[in-house]
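Residue numbers (the numbering used here), protein chains in the order written: chain D, 1 to 278; chain S, 1 to 251.
Be aware that one or more of the hints could be misleading.
Said to hold, decoys possible - Mimicking EDC-like on lysine to aspartate or glutamate, the simulated pairs with C-alpha atoms at most 20 Å apart in a straight line are:
1) K272(D) / E58(S)
2) K111(S) / E178(D)
3) K176(D) / D143(S)
4) K249(S) / E226(S)
5) K159(D) / E58(S)
Claimed, not checked - So these bits of chain D aren't anywhere near chain S, every CB distance computed over 10 Å:
6) F170
7) R182
8) V183
Please keep in mind that the hints were generated in silico from the structure rather than gathered at the bench.
Think of the CB as a built atom: it goes at the ideal place given N, C-alpha and C, for glycine as much as any other residue.
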Amino acid sequence: MRINPRFTDKIMGGCLTLQALFIVGILILIIVVIFIKGFPYVTAEFIFSYPQDMGRLGGIFPSVVGTIFLGLLSIAFATPLGVGTAIYLTEYTKESSLTRIIRFGVESLAGIPSIIYGLFGFIFFVIKLRMGWSLLSGTLTVSIMVLPTIIRTSEEAIKSVPKNLRTVSFSLAATKWETVTRVILPSAAPGILTGIMLSIGRAVSETAAVIFTMGSSLRLPTSIMDSGRTMAVHFYILAREGISMEKAYATALVLVCSILVINIVAYYLMHKMVARYS
Amino acid sequence: MARTKIQVRGLRVCYGPKEVLSGIDLDVYENHVVGLMGPSASGKSSFISVINGMINFEDGASVHGRVHIEGFGELAENNNHVALRKKVGTVFATPIPLPRSIYENVVFGAKLKGVPRSELNEVTEESLKKACLWDEVKNRLSDSALKLSGGQQQRLCLARTLALRPEVILLDEPCSGLDPISTAKIEEALSELKRDHTIILVSNNTKQIARASDFVAFFYMGKLIEFGPTERVFTNPENKMTDDYIRGKFG
């Protein structure tokens, strides 16, 4: 006997709604747990003071600075390279075995576990290029790690720019490069920005690759050749070594909140940009 | 007799093995409007994209024969297409404003061409006036171009092309999606524009060709069937096919 299609429709609609709610529920649960466990310990002093006794006491200021540097610098390295690759793949070449190889390489990069990036960065940047455990080694390693995300999202964004905008630009005597910089990139900017945001999130929450390349010094980094510690690494070490669960959760809360704030600000900017002329 | 601006001899265009234009000989006179008419797939648009060099973006397209543009040279010999498109502007069938303000749309090409910043306002006003759009938008130049109506957008596209001060203007069915009032405004603009420019107007609409052009070329299946002064072709066509097309027996 056939089940009444209207009944099936209702059931499936309900199931899908539940699934979606479940996903949001998990997110809320994680945030609530971190909030409950960490909030009592988060104060302005905690964020702006130096840690004492391996982080058992005091604050997390050096790791806040380390996180900001790592996030910004890795994006500064990865964005031009990633967006450039995406522009090459979409605008400057036709589909060929070369582009297929590049795409395959990008996908493979995306699938490599971050610990492998850490080992590579350790061997190549830290040892071979004698950069030592430093912000520079860390940011270079993390940049390579986030490249696939930036390339993929930028490529999708550039591809979704209507073809006839290119035609118009060329018909108005623009060169290819002028078309890319004045027509395609502005239209693709929201999509590219999304990729950059995702990448910042990945960079600041990375631990394995960062410990291997940036080290875990608790001192305040003052140059890019200094070792340093990000909040994610700090959290990991505090929790893993059993130094202080309270401080660990407080650090996690600061990290999660800053990622949320970055995302909200980026979202806001993006909407402003999109709304400007449409 | 006016000077020849564009001279086309033995033009043949193929997409792969498929020939879309064969053996076209055509003279376009300076400061006149030449109308190209003919049913779909008769090669009118391919002809246009040869003149503005855009055909080079098409995969598998090959162009044979001579096209000489006065002031630029032989298309086959000079492949500086950016320079070509500064002389030859194009307005497409569907208005495609860039997603930015009206002002930014108009000055897009002029900026690239290197027109000094101090002259851009002047260029904008002049181009919009020529395109019969100035009065409607002069108080809201910083509004998004996407907010304009279809007819206004098409005139904006015309103004944007004019801002480059091209010698030749190609219009590829510019009124195909427009209402009669907008169409009339574009035609009004064209009648003024031919004083300073050479114009090629492609249209499916024979009545528009009859109204707006000085010379008319009838294309069918990639061949130029008939060419002559508009009045003569429309009153006394030499070719039976032209006669049938004008009378609306096919197409």
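Hinted pair K111(S) and E178(D), Cα distance within 20 Å: Between K111(S) and E178(D) the Cα gap is close to 11 Å, so the pair holds against 20 Å.
20 Å limit on alpha-carbon distance, applied to hinted pair K176(D) and D143(S): 27 Å, violated
Claimed clearance of chain S by F170(D), with the beta carbon kept past 10 Å: 7 Å, violated
Restraint check for K272(D) with E58(S), where alpha carbons must lie at most 20 Å apart: Violated, because 36 Å separates the two Cα atoms, which is more than 20 Å.
Non-interface label on R182(D), tested against every C-beta of chain S at 10 Å: R182(D) is in fact no farther than 10 Å from some Cβ atom of chain S, at 7 Å.
Assertion that V183(D) lies farther than 10 Å from chain S (Cβ): 6 Å, violated
Proposed proximity, E226(S) with K249(S) (alpha carbon, max 20 Å): 17 Å, holds
Satisfaction of hint between E58(S) and K159(D), Cα-Cα up to 20 Å: Holds - the C-alpha atoms of E58(S) and K159(D) are around 18 Å apart, at most 20 Å.
Hints 1, 3, 6, 7, 8, counting from the list given before, are not met by this structure.
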